Amino acid sequence: MRDHSFAPSRIWIYLVVTLIAAAWLAPLAVVVLNSLRSNEEIAQGSMIGWPQHLAWSNYPAAWSGFCVAETCSGIRPYMLNSALVTIPATIFSTLLGAIAGYAISLWRFRGDNWIYGIVTLGLFLPQQMRLLPWTIVLRDIGLINTLAGLVLIHTIQGLSFTTLFCRNYYVAIPHELIRAARIDGAGFFRIFWRIILPLSGPILIVTVIWQFTHIWNEFLYGVTFTTGQQQPVTAALIALSAAVADIPQHGVQSAAVIIAALPTLLIYLIGGKYFVRGLTAGAVK
Amino acid sequence: MAALSIRALSKRYANLEVLKDIALDIESGEFTVLVGPSGCGKSTLLNIVAGLDYPSAGTIEIGGRVVNDVPPKDRDIAMVFQSYALYPSMTVRQNITFGMECRHVPKAEQEKAVANVAKLLQIETLLGRKPSQLSGGQRQRVAMGRALVRDPLLFLFDEPLSNLDAKLRVEMRMEIKRLHQRIGATIVYVTHDQIEAMTMATRIAVMHQGRVQQFAEPDTVYRYPANLFVARFMGSPPMNTIPARLEAENDGLVVVIGAGRPDEIRLRLRDYDGAAPFVGRDVVFGIRPECIAEGSRAFSNDAPVLVDAPVDMVEPTGAETMVSLRLGGETAMARISPDIRPVPGASASFALDTRRVCLFDPETERLIA
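Chain order of the listed sequences is A and B.
For the first sequence, the residue numbers in full-length UniProt numbering are 1 to 285.
For the second sequence, the residue numbers in full-length UniProt numbering are 1 to 369.
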């Protein structure tokens with residue numbers, strides 16, 4: 001039964017919700033509006049305001065024309081860098097997390113809970129704490145200032161989360177399924193590919209969205225371990241604002257920010273409903 | 001040849017001993033039911049036989065081969081689970097062929113085997129469906145199909161009927177029994193339902209607290225329960241077990257219930273010579289509810305054994321009337337004709353079949369005679 005009456009308490013609820021939403025959306029609105037204003041317009045007026053003329057040219061400029069650190073290629077190469085880091089790291093960390101979660105939840109072995117505890121401990125270690133160890137590791141294996149190095153970092157760092165999520169999803173799968181498959185003669189990986197993976201849709205969508213968003217938006221590792229042409233877009237955006245310190249280019253910068261945010265927005269728009277559903281879904285039934 | 005031999009098997013989890021010195025020999029073609037209350041170790045035992053769990057000590061032989069170190073898939077067994085454990089993302093056909101696929105059976109052979117089993121279980125029309133599109137009974141059939149298609153030395157059933165509703169359970173019970181008669185397979189079947197055990201088994205192993213209490217044909221288990229636990233577990237309602245005293249009178253034995261009370265009951269026993277050493281001592285007197293009937297019932301051609309007893313409660317079930325009565329002050333259940341309704345609170349006459357009673361040692365709880 002739906003209540004169509006409009007009690008005074010409802011007004012308060014709407015008011016509060018609207019205020020919170022406005023507070024959250026205000027920065028986005030400013031950036032979107034500025035991405036459509038010319039630099040002159042912003043310079044003459046205030047940072048906040050409606051576009052007088054729609055300056056669509058900010059977007060192509062941000063995409064491929066703008067100069068960052070003496071290279072005038074816009075943010076396009078950095079977007080490509082981000083994609084080259086994010087896509088493989090998302091796939092690797094999700095797959096490895098699924099296998100680890102499957103092993104921990106459905107195959108009892110000595111010390112399984114310890115391993116699970118140690119893996120998920122990674123969730124609670126601050127990122128800054130891991131910078132130095134990673135510096136040493138990347139230096140020793142020769143991956144400093146490479147995209148492969150970032151892929152490695154994000155794959156490993158992502159494991160804590162992906163393992164946690166997959167494990168919590170898989171514990172709801174009846175163990176009898178594994179037993180039946182073992183009697184049928186299937187081994188660890190065959191059971192994973194043929195029985196567990198086909199059941200994993202919701203949780204894989206959740207982990208992929210989560211990993212993609214986090215890796216794409218990640219800044220600290222990107223800015224620490226890569227320079228110049230190897231930087232992901234988040235780090236490049238900072239370089240962009242630094243490079244134009246003399247003449248403010250807020251319009252182009254805003255457009256660049258919007259472009260850089262688009263992939264994660266798209267992922268969320270496409271997979272968002274699965275994300276919410278997957279977070280609450282049980283594995284079978 | 002013994003299809004399954006279990007010797008001196010025990011299982012310990014940390015300090016908890018869940019199976020103690022189990023020894024069972026199961027002949028080829030037998031339908032053995034392991035029955036007992038939850039926590040008695042029956043499912044653990046089955047898992048150990050399947051190779052899904054490991055014994056702490058003892059050996060398991062399947063078809064004359066020690067399989068302690070053989071993985072489940074190589075034990076030549078098939079198992080049906082309580083939850084059916086059908087692979088949710090596969091069709092019925094794929095569920096049935098998955099095992100053959102793992103064993104690299106040629107496709108043509110797989111097709112033939114599926115067709116045979118589908119026909120046997122009448123699931124031909126379901127082969128293209130997913131488990132979620134099946135009813136409980138259909139899932140049960142598919143689970144059995146998955147086991148049958150393997151044609152193993154040994155079938156293991158782990159409470160396969162307990163997720164079904166009562167009516168379907170009775171149907172599937174008969175179906176499994178019919179299947180056993182038809183294909184002559186060796187089956188080890190775990191259940192907590194003593195009626196399933198009685199109706200299906202060729203031999204029953206009653207388990208309690210990690211031990212096999214009795215391993216015998218259903219009739220023997222019912223008629224001569226090895227101890228008080230078995231007497232009280234098998235049968236519904238269970239055997240009445242009443243504290244009593246054994247006395248000698250003339251040249252026979254007499255069981256005295258409620259000795260010294262005004263309503264003391266004395267029952268003469270014939271052919272219970274094995275109980276002679278217990279004369280003058282306390283015993284537990286066991287009598288099945290169906291051995292207490294209305295006074296007009298003649299159990300044999302001999303003079304009837306009649307007692308007058310106060311009636312506590314009457315439960316008509318339609319097929320019979322269950323009566324709770326007091327024998328020498330002790331509560332007992334009687335199973336009388338459906339059309340007879342004694343009045344609660346009043347006394348009624350009951351006939352006792354004293355040829356089929358049991359006597360137990362109250363200390364060891366073992367059957368005396």
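A hint or two may mislead.
As the list claims (entries may be wrong) - These stretches of chain B come out as covered by chain A in the derived footprint (C-beta under 8 Å, 3 or more residues):
no.: 1; region: 71-78
no.: 2; region: 196-206
What the hints assert, rightly or not - Across the chosen pairs, the derived CB separations fall in these ranges:
no.: 3; chain 1: A; residue 1: W24; chain 2: B; residue 2: R12; range: 25 to 31 Å
no.: 4; chain 1: B; residue 1: E17; chain 2: A; residue 2: N113; range: 21 to 27 Å
no.: 5; chain 1: A; residue 1: G117; chain 2: B; residue 2: Q209; range: 46 to 52 Å
no.: 6; chain 1: B; residue 1: N68; chain 2: A; residue 2: F109; range: 18 to 24 Å
no.: 7; chain 1: A; residue 1: R108; chain 2: B; residue 2: A276; range: 53 to 59 Å
Derived from the structure by calculation, the hints contain no laboratory data.
Quantities reported herein were computed from a predicted structural model and do not represent experimental measurements.
Backbone N, C-alpha and C define an ideal beta-carbon position, used for all residues, glycine too.
Do the hints match the structure? See the list:
1. 71-78: holds (count 5)
2. 196-206: As far as the region 196-206 of chain B goes, the hint is violated, because 0 residues have Cβ atoms under 8 Å from chain A.
3. A/W24 <-> B/R12: 25 to 31 Å: Once the Cβ atoms are compared, 58 Å apart, the range 25 to 31 Å for B/R12 and A/W24 is violated.
4. B/E17 <-> A/N113: 21 to 27 Å: With a Cβ separation near 24 Å, B/E17 and A/N113 satisfy 21 to 27 Å, so the hint holds.
5. A/G117 <-> B/Q209: 46 to 52 Å: Given a distance of about 35 Å, which is not inside 46 to 52 Å, the answer is violated.
6. B/N68 <-> A/F109: 18 to 24 Å: 19 Å Cβ-Cβ, so the 18 to 24 Å window holds.
7. A/R108 <-> B/A276: 53 to 59 Å: holds (55 Å)
Violated hints, listed in ascending order, are 2, 3 and 5; each of the other numbered hints is respected by the structure.
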